[in-house]
Each structure stands twice: as structure tokens, then as C-alpha cells.
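Enquirer: Sequences are here, hints too, so could you generate the full structure?
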Amino acid sequence: MSAFSGQKLDKIPAHVPPELVYEYDNARDPRMLEDPHARMRSLILEAPPIFFSPFNGGMWFVTRKKAIVDITMNPEVYSNGFLAAAASGEHKEGHAGGHKEQQGFVMLPIATDPPQHTAYRAPLNQPLAAKTLAGLETAIRDMANELIDKVLAAGRCDFFSEVAEPLPVTLFMKLAGMPTDRLAEFRDLATQATSATVDAATREMTFKRIAGILAEVIKARQEKREDDLISKLLDANIQGRNPTFQEMLGYSITLFLGGLETVVNALSFGVRHLAREQELQAKLRAEPGLIPGAIEELLRLYGIASTPRRVMRDEVCHGVQFKQGDMVLLLLPAANYDDTAFPNPEQFILGRKDPHQTFNTGPHRCVGLNLARLEMKVFYEEWLKRVPPFRLDPQAPPKFMGGFNLAITSLPLIW
Amino acid sequence: MAKITFIEADGKEHQVEAQEGQSVMQAAMDNLVPGIVAECGGFASCATCHGYVDEAWTTKLPAPDAAEEGMISCAYHVQPNSRLTCQLKVTPALDGLVVRLPVSQTSE
Ligand code: HEM
Ligand code: FES
Chain A
1 MSAFSGQKLD KIPAHVPPEL VYEYDNARDP RMLEDPHARM RSLILEAPPI FFSPFNGGMW
61 FVTRKKAIVD ITMNPEVYSN GFLAAAASGE HKEGHAGGHK EQQGFVMLPI ATDPPQHTAY
121 RAPLNQPLAA KTLAGLETAI RDMANELIDK VLAAGRCDFF SEVAEPLPVT LFMKLAGMPT
181 DRLAEFRDLA TQATSATVDA ATREMTFKRI AGILAEVIKA RQEKREDDLI SKLLDANIQG
241 RNPTFQEMLG YSITLFLGGL ETVVNALSFG VRHLAREQEL QAKLRAEPGL IPGAIEELLR
301 LYGIASTPRR VMRDEVCHGV QFKQGDMVLL LLPAANYDDT AFPNPEQFIL GRKDPHQTFN
361 TGPHRCVGLN LARLEMKVFY EEWLKRVPPF RLDPQAPPKF MGGFNLAITS LPLIW
Chain B
1 MAKITFIEAD GKEHQVEAQE GQSVMQAAMD NLVPGIVAEC GGFASCATCH GYVDEAWTTK
61 LPAPDAAEEG MISCAYHVQP NSRLTCQLKV TPALDGLVVR LPVSQTSE
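So the protein lines, in turn, are chains A and B.
All residue numbers for the first sequence refer to this note's numbering, where the first residue is 1 and numbers rise by one.
All residue numbers for the second sequence refer to this note's numbering, where the first residue is 1 and numbers rise by one.
Worth double-checking, as some hints may not be accurate.
Ranges of calculated distance between the beta carbons of each label pair, as one might list FRET restraints [as the list claims (entries may be wrong)]:
#1 K12(B) - Q126(A): 30 to 38 Å
#2 R276(A) - A9(B): 36 to 44 Å
#3 L152(A) - Q19(B): 55 to 63 Å
Here are the simulated DSS-like cross-link-like pairs (lysine-lysine), alpha carbons at most 30 Å apart as the crow flies [as the list claims (entries may be wrong)]:
#4 K323(A) - K377(A)
#5 K174(A) - K60(B)
#6 K219(A) - K131(A)
#7 K377(A) - K131(A)
#8 K131(A) - K232(A)
#9 K399(A) - K283(A)
#10 K219(A) - K208(A)
#11 K353(A) - K60(B)
#12 K208(A) - K174(A)
#13 K131(A) - K12(B)
#14 K131(A) - K3(B)
#15 K89(B) - K60(B)
#16 K377(A) - K353(A)
#17 K3(B) - K8(A)
#18 K385(A) - K353(A)
#19 K3(B) - K353(A)
#20 K66(A) - K60(B)
#21 K377(A) - K283(A)
#22 K385(A) - K174(A)
#23 K131(A) - K224(A)
#24 K8(A) - K399(A)
In silico contact screen, one side only, chain B against chain A (beta carbon under 7 Å); selected entries [as the list claims (entries may be wrong)]:
#25 C40
#26 F43
#27 A67
#28 P92
In case anyone wonders, no lab produced these hints; they're calculated from the structure.
Glycine included, C-beta positions come from ideal geometry on N, C-alpha and C.
Expert: Next up, the structure:
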């Protein structure tokens, strides 16, 4: 996170060969802001497979699937641990010997490395397994239909703010056991917390407010358990003990941030694709059984999150020399356009063999992917069943944003 | 070195040479055995390296720990001899191990 708000370096570090330098600003690159995924494809075609950009504080960008898989499978060398410091507002360059007492929370399980990560991750696996979630399908269907009811008659909507945003927030709040009357407040906080363009002070404030609200929920569940995720986590067994209050906060904040902006944007980019492809829309309406396969291919075309790692020792990766302390950003949405894994990567092709990289690989592979898939499946089923053929509003083309997530900021549709 | 035989659900057999110290999952991946996906890379977090250990071997293996047990309960097509192959370390004692694979690593 601190890496992203970093300035452009005036000097390329000595260990970076000039031929591997490529200027790409993860938050503000003009071509990315014009069409994020076309830009991902151009990075595959124009930039070295692993390149160093002086922007965002100076870091490596990895765009090929194989290299990303290798890095994620080797957490001993490529660590997530620095996220703990970033989230608590601690400075990256710790003073010699000074180990600052961390106030606040550690994002769990994302900011830990195995073997510690395995212990923290375990309590989430079961509550978020496909088997467990099947029981939520009816509730999700009702939520989707409520949102469709609100926009259907008008013949138009801003899909982003009227459908894509409310759905996952409402679902998260239900899953976590939170009162849904704070919906709008929560939505704003989620958007701010992950935006690359808000300043560090605002982000810190946002984190504090989110933490405050979640802390209330945790305290309420400590008093009295309900049938929700927070209650289940309170009773989880982490190597022989229950999670502490700080750990509970760390879990809830990660779940909150991890499951909102990502789903909102995956849905929006997917629906934008359908709005521009009437034939595909018609095909999916006629054969809803194709929807799960179509969702996977839409997830490939429109990857959302990229994720950083810190290099823990000097290491050569696919021919590139990394130095201890270097930051590496895994551009997952670019890996989905890697021809080696995905022939004709710009085309929508059902039934591809290679799995996409949108949920990443390795120990941190998205724990919410079953929920995300279920949410999207139910949503597309209802939306395609009820809404007539829809297209983009030619008067108001969508706008995009960069940062940790490739994002849309509005998506006006008409039907 | 240990010989391990993977048997796909349709009966197709794959015999591989596994290195001591690696996981049974890794031995399958190194030899491109179909039917093992291993999305998390061996950290007991995905249950897509699920296999059934042949009767003769169940007692020769250390019992699953809590993380493995929890993850097995998330898998599909579970049987009493279900294991996560990423949690099984290859030792010379496992020479001849037979692992059968489920019809699918997902609900399909
Ligand atoms: C389409 C929607 C989603 C996308 C694209 C997505 C993407 C990702 C990615 C790429 C990672 C790996 C990060 C890394 O390797 O450092 C991840 C991890 C995670 N995601 Fe998701 N995610 C989505 C939905 C969700 C949902 C719905 C939830 C909440 C239930 C969620 C919760 C998490 C958590 C808690 C982690 C951390 C897992 C760990 O560290 O072990 N995600 N997600
Ligand atoms: S490889 Fe993921 S659980 Fe074994």
C-alpha cells in the first residue's frame, strides 16, 4: 500500500538493467485509464515479461502467468508480511533495532506467510467453501431481484452504482451479520479504502472508521453468538486458542475489503462485455447452463486485482535478478492475456483449458472465490431472465480507475 | 526415490518416480498427472489435490492434521480414505503407494 502512494524515483537502482526499465504508473497510466484491459494486453506485447517501473515508488511488474505462479508458490522468498506494516501505518524502512509496537490490526490472513498463514487461513476455508455457501443461494437470488425490481421499469440505470455496488455489500453485511441500514455508509468506505487516488491521510481515516464499525459488530457477537461468519470466527481454533479481538478485527477488515470492490468490478466489467455483445447475451438467455463457463471466461478477460510481494533475499526469477527488499507487483489481469496460456487472448472463448489467474494461485488464492462465483451466477441468471436486451448508453461511456484494482466508476446501460 | 501410482477415476494409471522429501502432490504435478489441480501450491488451502489412499497404505501414513482435516471437509466426493496429497511427504517407506483420484476436484 505504501508502495502505491510512492513517488516516481529519480534514479533507477543500480541492479536494474536499462533494458528492463519500462515506464508504467499503476494508478495513473493514461492508456490504462482509457481501457484497462487493452492496456494489460499491450503490456504483454510491448513490455519485458518482468519489467522495472520507476513509478509507484519503484518496483518490478510481473505479467506472465508462469512467472506469477512460480512466485506465488514460493512465499519463503516472496513475502506478504510487509502488508502488516503498511496497514498499521508503520513506515516501510524501520529504524535500526527499533521494532515499533504495532497498534491496530494485521490484515488476516493476507498479511501473513506460511506456516503462520496456514493456521490463520484454516478457519475461513470451511465457512466459505462451496458446499457451505449453497444454502445462501436463495437469499442472494432475493437480493438480486430486489435490485432488478428497482431499475427494470425505467429502461435504464447506472449499473455500477445501482446494481453492482449494493449487491456484494448487502451480501457481506448479511454474511458477517451486520445491520443493512448502514449500507450506503459502508459502500463509500469500501470504495475509499481501496482507491489508489485518495491520499494517505484519508485512507488511514477510512481504515479507522471501517475498523470502528466492525469492532462494534465483533463486540456484539462476543456477548451473544448468532448464525454468521463473525460468530463462527470467534469460536475458531488457531493452534489451540480462539482468535483475539485484534485478530478478529484483522479478519473482518480483510473480508470486508476483499469481497466488495473486487466483486463490484468483476460484475461491472462482465456486464459491460455483454452490453456490447448482443449475440452472446442472446446465447446465454437461451441457454442459462452456459452461464458458469461464461463467468470464468469473463473473469479471465477482466481480471481485477493485482497483488504485491516483497523479495526476502537476492533471487533470480525467470532470468531477472531481484535484490532483497525489492517490491514485486503481480499483474494478475495481464497474465490472463499471456498467449502462452491463452491463445487469441482478446477473444471470448468458452471452455478454455488453462485456468485464469484472476483469483491468483498459491496459499493466498482467493478464499472468497466460491462466494464470488455464486454471487455472479445467481445475478446473471436473474438479470438475463428479467432484463430485456441491454446495451451501453452511447451518451455516457463508462469511466475507469487504476490502482490495486482495475475499476469502473460508472456504467450507464439502456434497454 | 519411491514409485507412486496414480489411478484416474476412469481407471487410467500413471506410475511416477517421486523424490524423497517432496509431496505426493508435487510428484503428480511434476509428471503432469491429470486430475490433480493444486491451486494453492501445497498449503492445505484449496482441496484441489484430493486423492484416495489405497487401504494398504492408510495406516503407514501420519494422520491428517487439523488444517488438512478441515480442508478435506470442504472437498467433494469425500471417502474415509480421502487425503490432501500435498500434505503427504514422500519417504522410501511409501515406495509402491497407490493413490486413486476422485471423478473431479470440484462439484462436477
Ligand atoms: C471476483 C471477485 C474477487 C476477486 C477478483 C478476488 C481476488 C483475490 C485475489 C487475487 C486474492 C489473492 C491476493 C494475494 O495473492 O495476495 C484474493 C485473496 C482474498 N480474497 Fe478475494 N477476490 C474476489 C472476491 C472475494 C470475496 C467475495 C471475498 C470475501 C468473502 C474475498 C476475500 C478474500 C480474502 C480474505 C483473501 C485473502 C486470502 C489469504 O490471504 O489467504 N475475495 N482475492
Ligand atoms: S494443493 Fe491446495 S490443498 Fe493441496
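Enquirer: Sort out which numbered hints this structure fails and list those numbers smallest first.
Expert: 4, 5, 11, 14, 17, 20 and 28
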